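Asker: This note's numbering numbers the first residue of the sequence shown as 2 and each following residue consecutively.
Hints were generated in silico from the structure; no laboratory data involved. Nothing here was measured: the structure is a model prediction, and the numbers come from that model. For every residue, glycine included, the Cβ atom is placed at its ideal position computed from N, Cα and C. It is possible that some hints are incorrect.
Computed spacing ranges between beta-carbons, pair by pair [to be verified]:
#1 D227 / E84: 34 to 44 Å
#2 M88 / D201: 42 to 52 Å
#3 A246 / E307: 37 to 47 Å
#4 E84 / Q296: 30 to 40 Å
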Amino acid sequence: MPINIPNKLPAASVLSGENIFVMYERKAVRQDIRALRIAILNLMPTKITTETQLLRLLSNSPLQVDITLLHPRTYVSKNTPKEHFIMFYRTFDDVRDERFDGLIITGAPVENMEFEDVAYWDELTEIMDWSKRNVFSTFHICWGAQAGLYRHFGVRKHPLAKKLSGVYGHKKCAGNIPLLRGFDEEFLVPHSRYTTVLRDEVMAVPALRLISESDEAGVYIVTAGDGRMVFVTGHPEYDDLTLKAEYDRDLEKSPDVEPPVNYFPGDDPGRAPMVRWKAHANLLYGNWLNYCVYQETKFDLRKMKELAF
Numbered sequence: 002m003p004i005n006i007p008n009k010l011p012a013a014s015v016l017s018g019e020n021i022f023v024m025y026e027r028k029a030v031r032q033d034i035r036a037l038r039i040a041i042l043n044l045m046p047t048k049i050t051t052e053t054q055l056l057r058l059l060s061n062s063p064l065q066v067d068i069t070l071l072h073p074r075t076y077v078s079k080n081t082p083k084e085h086f087i088m089f090y091r092t093f094d095d096v097r098d099e100r101f102d103g104l105i106i107t108g109a110p111v112e113n114m115e116f117e118d119v120a121y122w123d124e125l126t127e128i129m130d131w132s133k134r135n136v137f138s139t140f141h142i143c144w145g146a147q148a149g150l151y152r153h154f155g156v157r158k159h160p161l162a163k164k165l166s167g168v169y170g171h172k173k174c175a176g177n178i179p180l181l182r183g184f185d186e187e188f189l190v191p192h193s194r195y196t197t198v199l200r201d202e203v204m205a206v207p208a209l210r211l212i213s214e215s216d217e218a219g220v221y222i223v224t225a226g227d228g229r230m231v232f233v234t235g236h237p238e239y240d241d242l243t244l245k246a247e248y249d250r251d252l253e254k255s256p257d258v259e260p261p262v263n264y265f266p267g268d269d270p271g272r273a274p275m276v277r278w279k280a281h282a283n284l285l286y287g288n289w290l291n292y293c294v295y296q297e298t299k300f301d302l303r304k305m306k307e308l309a310f
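Work the whole structure out from these sequences, hints included.
Answerer: Shown next, in the form of C-alpha cells:
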C-alpha cells in the first residue's frame with residue numbers, strides 16, 4: 002500500500018524516482034479505507050531532506066499511511082523556504098484537538114544546549130505531554146529521544162569526550178520483542194551526536210526497557226509502555242551521503258575532525274561511503290508501523306487510553 006503525501010511535496014518526485022508507490026491526496030481521499038494517521042514533528046534544520054528520509058522508510062510497508070508534517074510555532078528554521086512551511090506544514094495549535102496513530106519526533110542540532118535553553122522547549126514539552134493522550138505510539142529520534150527520556154523519565158544526557166560519528170555494530174538486549182522481529186544478531190546503524198544517555202541510568206527506571214545497544218555507541222533503542230514510546234538514539238534514516246555532508250561541514254570548522262567511523266572504506270574520506278544500514282532501517286520502521294501502531298491502535302482513535310506509568 003502507498004504512503005499518502007501532499008500533492009506537491011518535494012519528496013514525492015524523489016520517492017517516485019526510486020520506484021516507491023506514492024499516492025497523492027487527490028486520489029487517497031476517494032479510497033474507503035482507514036489509513037494510519039502519522040504526524041512528523043520535524044525539528045531538523047534541513048526539513049526537506051529529513052522529510053524525504055522518513056517518508057522513504059514509512060512507505061516500505063503494506064499499510065496505508067497519511068502524513069501530517071509539523072513544525073514548532075515558536076521557532077522557524079532559516080534553512081527552509083517560508084513557502085514550504087505554508088504549503089506543507091502545520092503547527093501544534095492546528096492539531097492539538099486531533100488524535101494520531103503515531104508521532105515521530107526528529108532529532109535537532111541543539112545537543113550541546115541545556116534542554117530548557119532550547120527556544121522551543123516549552124512547546125516541545127507540551128507536545129510530549131499531549132502525545133500520551135492523543136498519540137498511540139511515539140517514535141523519538143536522536144536528540145528527540147534524549148529529550149523524551151528527560152521529559153518523561155528524568156533521564157539526563159551527558160556530553161561525550163568527542164563527537165560520536167560513524168556506523169556502529171549493535172546487538173539485541175531482549176528477546177521476543179516485536180519491534181526487533183527479523184533483526185540479525187548484529188546490525189549496523191549510523192550515529193551522529195555529541196551527547197549520550199547512560200545505560201545504568203536507563204536501567205534504573207522501572208518503566209523503561211533497553212532492547213538494543215552498541216559496545217561503541219552505547220544505548221540505542223529504549224521502549225516504554227509496551228511500545229507506546231520508542232526512543233532511538235541513532236539515525237537509521239540517514240541517506241548514503243548524510244554523514245559525509247556532516248563531516249565536510251565539520252571539517253570547514255576544524256581541520257582536526259576525524260572521519261566517521263566504519264563509513265568510508267578503510268576510513269578514507271576520499272573513497273565512496275559504504276551503505277550497510279538500510280535493511281535494518283526499513284525493518285525498524287516497518288516493525289514500528291506494524292507492531293507498535295497498526296496491530297495495537299484503536300480503529301476509533303477517540304477510544305485511545307492515556308499512557309500512564
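Asker: Against each hint, give a clear statement of whether it holds in the structure.
Answerer: Consistency of the hints with the structure:
no.: 1; hint: D227 / E84: 34 to 44 Å; result: holds, 41 Å
no.: 2; hint: M88 / D201: 42 to 52 Å; result: holds, 46 Å
no.: 3; hint: A246 / E307: 37 to 47 Å; result: holds, 40 Å
no.: 4; hint: E84 / Q296: 30 to 40 Å; result: holds, 38 Å
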